[in-house]
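Chemist: Protein sequences appear in the order of chains A and B.
Sequential numbering from 14 applies to the first sequence in our numbering.
Sequential numbering from 46 applies to the second sequence in our numbering.
Simulated from the structure, these hints should not be mistaken for lab results.
Here a beta-carbon is modelled for each residue, glycine too, at the ideal position from N, C-alpha and C.
A hint or two may mislead.
[What the hints assert, rightly or not] Simulated crosslink set (DSS-like; lysine-lysine; CA at most 30 Å straight-line):
| hint | chain 1 | residue 1 | chain 2 | residue 2 |
| --- | --- | --- | --- | --- |
| 1 | B | 238 | B | 311 |
| 2 | B | 368 | A | 189 |
| 3 | A | 194 | B | 619 |
| 4 | A | 116 | B | 613 |
| 5 | B | 613 | A | 189 |
| 6 | A | 194 | B | 598 |
| 7 | B | 306 | A | 104 |
| 8 | B | 619 | A | 116 |
| 9 | B | 47 | A | 116 |
| 10 | A | 201 | B | 599 |
| 11 | B | 601 | A | 189 |
| 12 | B | 368 | A | 116 |
| 13 | A | 116 | B | 56 |
| 14 | A | 189 | B | 47 |
| 15 | A | 208 | B | 616 |
| 16 | A | 116 | B | 429 |
| 17 | B | 615 | B | 429 |
| 18 | A | 116 | B | 615 |
| 19 | B | 368 | A | 104 |
| 20 | A | 194 | B | 613 |
| 21 | B | 311 | A | 194 |
| 22 | B | 56 | A | 189 |
| 23 | A | 116 | B | 599 |
| 24 | B | 640 | A | 201 |
| 25 | B | 430 | A | 194 |
| 26 | A | 208 | A | 194 |
[Said to hold, decoys possible] Listed below are several chain B residues computed to face chain A (Cβ distance under 7 Å; list not exhaustive):
| hint | residue |
| --- | --- |
| 27 | 303 |
| 28 | 386 |
| 29 | 409 |
| 30 | 624 |
| 31 | 627 |
| 32 | 630 |
| 33 | 635 |
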Amino acid sequence: MNGEPRLRIIVVGIGGQGVVFASKVIGEAALQAGLNVVISEVHGMAQRGGIVTSQICIGDIHGPLIADGEADLILAFEPVEAYRIINKANKDTIIIANSEQTKPLSASFGEVEYPDSDMVMQAINEVTENLLVIDGSSIAAEFTSHVVMNSVLLGALAGTGRLPLDPESLRAHLLKRVPSKTADMNAKAFDAGMKAVQ
Amino acid sequence: MKEILTDDVGKTLFLLGNEAIARGALEAGLDLAASYPGTPSSEIGNTLADISREAGFYFEYSTNEKVATEVAIAAAVSGLRTMTFMKHVGLNVAADPFMTSAYTGVKGGFVLVTADDPSCHSSQNEQDNRHYARLANIPVFEPSTPDEARGMTRTAFDTSEELELPIMLRTTTRVSHMRGPVNTFNLGKRRGKGRFIKDLSRFITMPPVARKRHAWQLEQMEKAEAMAEGSEFNRTLDLGGSETGFVGSGAAVNYGLDVIKSAGIKCRMLKLGMSHPVPSELCRTFMESVDKVVVLEELEPFLETRLRSIAYENGIDVEIIGKLTGHFSRLHEYTPDTIKNGLGGLLGIEFPDNSLSPRSIPIPGRPPVLCPGCPHRHVYYAVKKVLKDNFDDAIFATDIGCYTLGIQPPLNAADFLLCMGSSVDAAGGFSQATDQTIMAFIGDSTFFHSGIHGLISAVYNGHRFVCTILDNRTTAMTGHQPNPGMGVDGMGNEAPEISIDKLVEACGVGHVRNVDPNDLSATINAYNEALAHEGVAVIIAVRPCALLEVRGKKSKGTFRTYWIDQEKCKKCGKCMNDLGCPAILADSEGNVSIKREHCLGCGYCVQVCPFDAILQEGST
């Protein structure tokens, strides 16, 4: 598969937010498009409310881990987690971040305060022009549910136009995987995500 | 039909490394698999458990890795193709049969998978189990990708049968948990039933037999090295140059290839997939063909030390760069950055750093925590209340499972941990060595795995501590696998339910009490009584894992979350600060509320609130 385009994507969030699910959808869609894909997934202890990171490497790439500064796209389910992993980005990396925070328990008992979303988003904005913020709480309110966040973010990813995939194919792979009774809602959420970045 | 069971040849499946190992075993005609779950190996068992009845092979969750290994070896000496798989530290438990099985050997193919965990993602150490293969002197396969994991598993069974030796398939977390395309080959034919043919000069390892078998074993390993010389998994890649040579195995090879390609390094690479015994002829010719050799392997300098001795034995003038020269680390898993840092400056290449570095904002960590509604939290909360001022002085000997997460504040309920079963065993030692209050905590599955012996020993030797068996009716941490207390076996069949109560009684424990940890006052009473008991007291705290309980409630339509009535709430913070439930959080003004999407509806916080401000959804 030499000569294939290379694309490196990081999906990051917190255990239970659906990071592994989202990365599997991206991977399956890329594989179906005839591209080589390798993904590193997190299973086990970290899933209990810890940070979950999936790294997706598409094209002529052997290892599923991404070097510092080499991610092309970062999809963050939580603003502080976008900041934590920002060293994987360079100035051309598109960073999509949900602005809705999930405060860790450690912030209640540790010495370090949990910074607010605006502060970390601003810090990222100071070093790149490619940060796209998705207002997760207003979208959740619109859909009266948090479960669609995954679909919103995948839609936003497709909306960047950086994937070597037809957005429609990503959408179809997503809808194939969600429970059929929620397909309509997830389709709308995907479209809302796409629109949010265009 | 499950996709992994497909008969289609040449189909591309998108599998985790662990799922690919299961597929490889099916292609080899697996007859029997036995295991005890452990991350990062657990998905091999999850996959096989899910398909065992449909595919027709036997699968079991044994009580521990030693039992699983012996079950699989016995079936292999009866002529079947068998497999066991475990996390790296599981092999410590199984080391006894593993070592001697290299003397008896096997008849049907026997593959032992060890999933090592560099960086300790979910483990207590980062031991390199290739050393075990050298200790037992058996062959090792080290896949780099899911497709290789499939292919090597399949080949390992053939190799095992040809040599009559056990084979180790060694992965690391990043290979086990890497998803990638896997090409299917034809499914193997199972043998069904085997037959054990008695051979006292082989299968009874009395001293005269063992002495002879050791010599046989060394001969077999000479044959194994000849196989490694010609193995399809040991191959030289031409990457456009012959000055620099890379030799590597496992995950490290992947990052090596990526860095080599992106930096345009002209070189050759010897990729060792069958990495023990190291093929010395292949390595000799490779080292003679280059000026310098860079060794890429995670953890210990296993290949590197062998390459150095091959170079010395053959008088090869080659510079060998690796861990022993300080260029690469023996610590933690490798990443592309590890390779870049190791090579930086070495080959006249600089790697520019173009990563973003925004201004520094302190951010708190996000360690894994007990889930909302977790009954373990409720036990620890009650114990803390009972111990009061004595809490800080008391020793919490904990064990391997979700309940280790009780270490996090505000519970702080973990002081000592070595391995599976160490809670009960160490509690005995602490009781002899100190006058402190000693509390041991162990889960149901871990108790079956290795808690029972310690309990017998403690009663027998007159130790004094309170042992809590946190019976959440599952093996939760590794993904809810069944255990002997649950009434269901690894294949999903109904099974005898082994009673923990009766086991504990039979161990001679003088004080045994059952308690529902979700009942605060009953739990407090139980601990007050247990602490008053001289000798070993056992509390069995029975309540299903909150994640399973919530599924049950949702399917019955009885699931209700809880909320805090802000008019009644006095903002004392007790529910948040003392309980530490991740669903309960305060805003910047100190208003405490329950995050509805996180609440699992256990209702325990109602018992904690002094002002009756916490209410069930739908009530006022």
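Chemist: Can you give the numbers of the hints that this structure goes against, from lowest to highest?
Modeler: 1, 2, 3, 5, 9, 12, 13, 15, 19, 20, 21, 25, 28, 30, 33
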